[in-house]
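Just so you know, the sequences run in chain order A and B.
Residue 106 in this note's numbering is what sits at position 106 of the first sequence, and the numbering runs on without skipping anything.
Residue 64 in this note's numbering is what sits at position 64 of the second sequence, and the numbering runs on without skipping anything.
Please note that a few of the clues may not be correct.
Stated by the list, open to error - Derived SDA-like pairs (lysine to any residue); straight-line CA-CA distance at most 25 Å:
id : chain 1 : residue 1 : chain 2 : residue 2
1  : A       : K352      : B       : N27
2  : A       : K177      : B       : R31
3  : A       : K20       : A       : P56
4  : A       : K182      : B       : F36
5  : B       : K18       : A       : I271
6  : A       : K384      : B       : L13
7  : A       : K370      : B       : R31
8  : A       : K311      : A       : N285
9  : A       : K105      : A       : N285
10 : B       : K18       : A       : N395
11 : A       : K166      : B       : N63
12 : A       : K55       : A       : D3
13 : A       : K379      : B       : F36
Unchecked claim - Rough simulated footprint, nothing fancy, chain B against chain A, three-plus residues with beta-carbon under 8 Å:
id : region
14 : 195-204
15 : 370-380
Claimed, not checked - Pairwise CB distance ranges, derived in the manner of DEER restraints:
id : chain 1 : residue 1 : chain 2 : residue 2 : range
16 : B       : E58       : A       : Q208      : 39 to 49 Å
17 : A       : K188      : B       : P26       : 51 to 61 Å
18 : B       : D59       : A       : E257      : 14 to 24 Å
Quick caveat, the hints were computed from the structure, so don't treat them as lab data.
Source: prediction; values computed, not measured.
Every residue, glycine too, gets a C-beta built ideally from N, C-alpha and C.
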Amino acid sequence: MSDKYFYIDCQRGLKVEFNKLIDDVNESSTYSKYCLTHDYYQIFKNIIVSLLIDKPIYLLDYDFSTEEINQLTGIDIKNQSLQSIAIKEVNNIDDLIKRIKKVQKWRVFLFTSGTTGVPKKISHNFSSITRMVKVTEKHANDVWGFAYNPTHMAGMQVFFQALLNKNTIVRLFGLSKDEIIKSIANEKVTHISATPTFYRLLLPVEQQITSVKRVTSGGEKLDVNIANKLRVAFVNAKILNVYASTEAGTIFASEGEIFSINQIHENLIKIVNEELYIKADLLGNSDNYKLEGDWYATGDLVEIISESPLKFRFSSRKNEMINVGGYKVNPYEVEDALLSIESISNALVYSKKNSVLGNIVCADIVCDNKSLSIPEISKILRTKIQEFKIPRIINFVTKVEQTRTGKKIRK
Amino acid sequence: MEKKLLEIFNTVLTNRSKEAIKGLTPNMHLRNDIGFDSLDLAELTVRIEAEFDIDIFEDGIINTVNEVFDKLER
Numbered sequence: 001m002s003d004k005y006f007y008i009d010c011q012r013g014l015k016v017e018f019n020k021l022i023d024d025v026n027e028s029s030t031y032s033k034y035c036l037t038h039d040y041y042q043i044f045k046n047i048i049v050s051l052l053i054d055k056p057i058y059l060l061d062y063d064f065s066t067e068e069i070n071q072l073t074g075i076d077i078k079n080q081s082l083q084s085i086a087i088k089e090v091n092n093i094d095d096l097i098k099r100i101k102k103v104q105k106w107r108v109f110l111f112t113s114g115t116t117g118v119p120k121k122i123s124h125n126f127s128s129i130t131r132m133v134k135v136t137e138k139h140a141n142d143v144w145g146f147a148y149n150p151t152h153m154a155g156m157q158v159f160f161q162a163l164l165n166k167n168t169i170v171r172l173f174g175l176s177k178d179e180i181i182k183s184i185a186n187e188k189v190t191h192i193s194a195t196p197t198f199y200r201l202l203l204p205v206e207q208q209i210t211s212v213k214r215v216t217s218g219g220e221k222l223d224v225n226i227a228n229k230l231r232v233a234f235v236n237a238k239i240l241n242v243y244a245s246t247e248a249g250t251i252f253a254s255e256g257e258i259f260s261i262n263q264i265h266e267n268l269i270k271i272v273n274e275e276l277y278i279k280a281d282l283l284g285n286s287d288n289y290k291l292e293g294d295w296y297a298t299g300d301l302v303e304i305i306s307e308s309p310l311k312f313r314f315s316s317r318k319n320e321m322i323n324v325g326g327y328k329v330n331p332y333e334v335e336d337a338l339l340s341i342e343s344i345s346n347a348l349v350y351s352k353k354n355s356v357l358g359n360i361v362c363a364d365i366v367c368d369n370k371s372l373s374i375p376e377i378s379k380i381l382r383t384k385i386q387e388f389k390i391p392r393i394i395n396f397v398t399k400v401e402q403t404r405t406g407k408k409i410r411k
Numbered sequence: 001m002e003k004k005l006l007e008i009f010n011t012v013l014t015n016r017s018k019e020a021i022k023g024l025t026p027n028m029h030l031r032n033d034i035g036f037d038s039l040d041l042a043e044l045t046v047r048i049e050a051e052f053d054i055d056i057f058e059d060g061i062i063n064t065v066n067e068v069f070d071k072l073e074r
C-alpha cells in the first residue's frame, strides 16, 4: 500500500499517496463545516476529517456567489470561524476506513437546483450516501477517473466507492480533452462515471482507450449515438447507463436506454401516469420534498416497454427544469435573477436543444434601459447565480408572450 | 464568412467578459488558444447555426478554427 496513490491531478501536478493523505489528516488541527475550495484534494481531505470527528460538512460549489451562500446557509462565508480539533492519530488507510465506517452523527449537505426557486439543501448520512458502494476484492485494483463535480451527489458516490476500496482517484473533471485522454492512459484508469455531456466533449477520441473496463453514464439521457461512439472509443469497456438523482443517489442501471427492474427494486418504485415514483426510504433528508404518502414523484416521465418484468425508458421531464450538461437549471430562479436587475421588467427563461450540452439556457427580456448591454447583464447575473445558469442567448423583446390565463408560454 | 465567424467568436467571448480576439487563423485551437469552455462552445454552435444553418458539433466535438471552416464549407 505504501506506494499506492490516493489522488492524482495532472493539471496541478499533484500525486498524493495514501500515506501522505493519512499524514495530512493527522496534521489537521482545524475544522469548518462549510467546505468552499476549488482544490479537489482539500475537499476530499475535509470530508475525511469531518468523518473522523463525526461532524457535519456542507459542500459548497466554488462558483456560488457570497450572496448565494448567505442565502443558502445563512452564514457570511468570508468571516466564518474555524473550530480547533484534535484527531486521534490514524495509523494507516485500513484504520481510517474502519473508523469512518463507525460514524453516527455525520451528515453531508449538498445543494441541488430546487423546483421552486433557489437551490435546495439535501443531506445524506454515511449509510445513505454509500448505499450503492460495493467493496469487494474484485474492486481492489480499480482506478477511478473522477469526472464529476466533487461537491455534488454523483461525485460523492464515486469518491466513497474509490476510498472504501482503497482505489486511486484520477481527476478528469474540469480538464481539457488532451489532459483527460493523457490522464486516463498514463494512470491506466479502469472505471469512469460521467454525464453524457462529459463523453460528448471527449468524443471522438483519436485512438482506442484500452485500460477502461467500465464506463458509466448518468445525470442526463444517454443517446444511442453517444453510446455507440463510447463502445468504439472504450474498446474493452462495458457501457452502463444509470438513473440517479441528488435526492436518492444511484437507483438502477441498464446497459442500454431500457431499464429493467429486478425483483429487489420492484417494491421501491412505481409508475403513475407515466411518472416515475420512488419510495421515500431511498431519499436523503430535506425539508423540500413533497411526498405523496410514502412516495416521491421524481418528475421524470417514462415509457413502459413491458409490465412484468417492469421495463421502461425515460422520455422527458414533467417539470420545467433545464438540464445543461447534467446540471439542472430552474428557469424561475434565473427569471428571478433577471428581474432583480432594475431596468428589466419582464423575463422568460427557456431551453433550446444543443449538440454540446444537451440543452442551453435562453431568455427573452423586456428591458427599459436601451443602453444596458448583454455583457453587462451577464456580468450582473454572475454575482447572483452560477455560471451554468446564466442564459447564453438573450433576446430583447417588447413583450413576453403570455397565455390567456396570464401564464407565460414556455418554448 | 471569416469576418462573420470572427464577429460570432467575439460575441461569445465578450458576453463572458473575456477578451476579444483580433483575427482567426486556421490552426487556432478553440479551447487552448481562444479560451472557449464547454458553455462557450454550446453558445458558439447556436450562433453559428443561426447564421449558417449548420450545427458544427452535430457529429462530435471539433477542436480548431480550420475544422469549423471545413464544416461550413462542406
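Verification of the supplied hints:
Between the alpha carbons of A/K352 and B/N27 the distance comes to roughly 30 Å, so the proposed pair goes past 25 Å and is violated. Restraint check for A/K177 and B/R31: satisfied, since their Cα atoms lie roughly 9 Å apart, inside the 25 Å limit. About 24 Å separates the Cα atoms of A/K20 and A/P56, which keeps this hinted pair within 25 Å; it holds. At most 25 Å may separate the alpha-carbon atoms for a hinted pair to count; A/K182 and B/F36 meet this at roughly 20 Å.
Using a Cα cut-off of 25 Å, the hinted pair B/K18 and A/I271 is violated, with the two alpha carbons roughly 47 Å apart. For the proposed pair A/K384 and B/L13, the alpha carbon gap of about 20 Å is at most 25 Å, so the pair holds. For the given pair, A/K370 sits about 33 Å from B/R31 by alpha-carbon distance, which is inconsistent with the 25 Å threshold. Proximity of A/K311 to A/N285 is assessed by CA-CA distance (about 29 Å); at most 25 Å being required, the pair is judged violated.
Taken as a hint, the A/K105 and A/N285 pair is honoured in the structure, with Cα atoms around 13 Å apart against an allowance of 25 Å. Simply put, B/K18 and A/N395 have alpha-carbon atoms about 20 Å apart, close enough for the 25 Å limit, and the pair holds. Note on A/K166 and B/N63: the hinted pairing is violated, with a Cα-Cα distance of about 36 Å set against a maximum of 25 Å. About 30 Å separates the Cα atoms of A/K55 and A/D3, which puts this hinted pair outside 25 Å; it is violated.
Straight-line distance between C-alpha atoms of A/K379 and B/F36 comes to about 17 Å, which keeps the hinted pair within the 25 Å bound. Closer than 8 Å: that is the beta-carbon criterion, and the region 195-204 of chain A has 6 residues meeting it against chain B, so the requirement of 3 holds. Chain B is given as covering the region 370-380 of chain A, and this holds because 4 residues of the stretch bring a CB closer than 8 Å to a CB of that chain, at least three being needed. Roughly 23 Å separates the CB atoms of B/E58 and A/Q208, a value that falls outside the hinted 39 to 49 Å.
In this structure, A/K188 and B/P26 break the distance hint of 51 to 61 Å, their C-beta atoms being roughly 35 Å apart. Checked against the hint of 14 to 24 Å, the pair B/D59 and A/E257 passes, with Cβ atoms roughly 20 Å apart.
Hints 1, 5, 7, 8, 11, 12, 16 and 17 from the earlier list are contradicted by this structure; the remaining hints agree with it.
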